[in-house]
Amino acid sequence: MHRRWIALGTCLAVGAFGVGGLLMTDAIRFAADPPCDEKPTDIVRSDYELGFTVPSGLMPDTQFTGQKAHVAVHRVGPEYAHGRCPNTPSKAAVLIHGRGIPGRPAFDLKGKDQHNNKMSMQEGLARAGIDTFAPDMLGYGYSTRFDHGLDDPHNASLTPYNGDGTCPEPSGLCDRTHNSIFPLKQQAEKLKPNPLDKLYPHSSKVRFANIDTWVRDIRQAIDDAVAKAKPTDGKVTLVGYSLGGPRVGRTLYAANPNPALPGSEATIAKVNSAVFMSSLFNGLPTEEQKPPNLVSFPLVVANQKEATTWTLSTASGPSDQDCTGRIPPGSQDNVWKELTQGDQIGKKWGGDDPHHPDGLVRSPTFTTYGWNTTVAQQLKMPVLVLHGTGDGTVPVANASSIYNALPASTTNKVMVQVTCASHVLGWEGCDGDRCMPTSPANVYGQEPGTPWAGPHGTVTAALTEWITKGTFNGASSGKYTVDKSGVVH
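To convert, note that position 113 of the sequence shown is 166 in this note's numbering; the numbers rise steadily by one, no gaps.
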């Protein structure tokens, strides 16, 4: 209404005073309507810590109860040189990483693809006006790992027990594991002679975490994101990648029975939608089922090859010959650089010479539970499911299982399967003739006539549309496939 009065005043001023009247009305307009930006003019990165005291019953090893700890958060948000316009909504997302790769390399990978597009998901979202927060879960990256937890090389695995339960080592130092992703004999094979001169007993003799350990971290990250970003609706979008899927699913479980985590409904009320990307689902073994040979050590270490290449393996579906340029040059080196930068202790381990270590990165052992059909059926919010058709780490069928498990009454649920994408679809590109779709088709989420950036471009575009509009390709529900040229079907 005030704009109409200004317009009327402008006409009267011109009629009465000529150009001088225009200058006078300009003064009125700027006084009533100061300059502002409807779109970001830049982005800003920041890193900080969220401190807390470990509550009773949260971690498998009770020696950590009562200790001071922190969760590190990597934030990438939009910047508005003249302030954000009042009619431009504020959006926020909390991004939860997977088993072995912490927040920064998972979501803010440095470098560019073959078409000079930046690889960073967080930067892409921030330039679209979305404030993003990527916490390192406890035990990862820049977050607390504890002196007698993952900072202690003695807590890496030992020789396995014999089949009859006896220990073959004269010292009696043996270990067990319930999952092959937590390998045995790492003290001998990865840490001897640097930094260990022999095999050592553990200072912590159980798994480092369970899913609820990280639900606490996510709750704190959500509260922090709401406070800092001040989203227009007071809520965030919660994105779970890989193991981050079960972490997010458990966070959104209203009936969580853990006495250390009361008030799940209050957390759920701060989440407007969820995204499950390359997500585990209905995984076994679970905490409740007490699997045999439950892991008896907290620390896993990995070298560069193990940390940066295993997730890029492909299962059935298009081959690398069909999917040219899937792995952008230099991207794996950038991942390793980020991993070691966030692991100043592990980078000094490995190899024969402490003065020239090979470098290792650390991650925690855990048990999984809380993201299954029962939990999915009670979700009441919109859900987007993303998965690569060539995922060789987590079954592609998980995407359909999650989508089908959501309540039948849900009218806002979308599943997107991306061709030429492995488990780490947010790191993958495209090169060659296949990247330019046949006219009149256009690449999803990009300017018409431009070559497909690859799966990483599709993921960023899909998240942007989902967070800002609650749709994918203009639809609020349905199942879609992105082909090897980036076109939606």
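I should point out that these hints are in silico values taken from the structure, not numbers from a laboratory. One should not assume that every hint holds.
What the hints assert, rightly or not - Derived DSSO-like pairs: lysine-lysine, alpha-carbon spacing no greater than 27 Å straight-line: (1) K358 / K238; (2) K165 / K288; (3) K323 / K288; (4) K92 / K358; (5) K323 / K358; (6) K283 / K390; (7) K171 / K281.
Stated by the list, open to error - Quick list of simulated restraints, FRET-style, between CB atoms: (8) P248 / S143: 42 to 50 Å; (9) K522 / M489: 24 to 32 Å; (10) K251 / M489: 56 to 64 Å.
Small disclaimer: the values here were computed from a predicted structure and weren't measured. Even glycine gets a Cβ: it sits at the ideal position worked out from N, Cα and C.
Point to revise | Structure versus earlier hints - violations, ascending order | key: 2, 4, 5, 6
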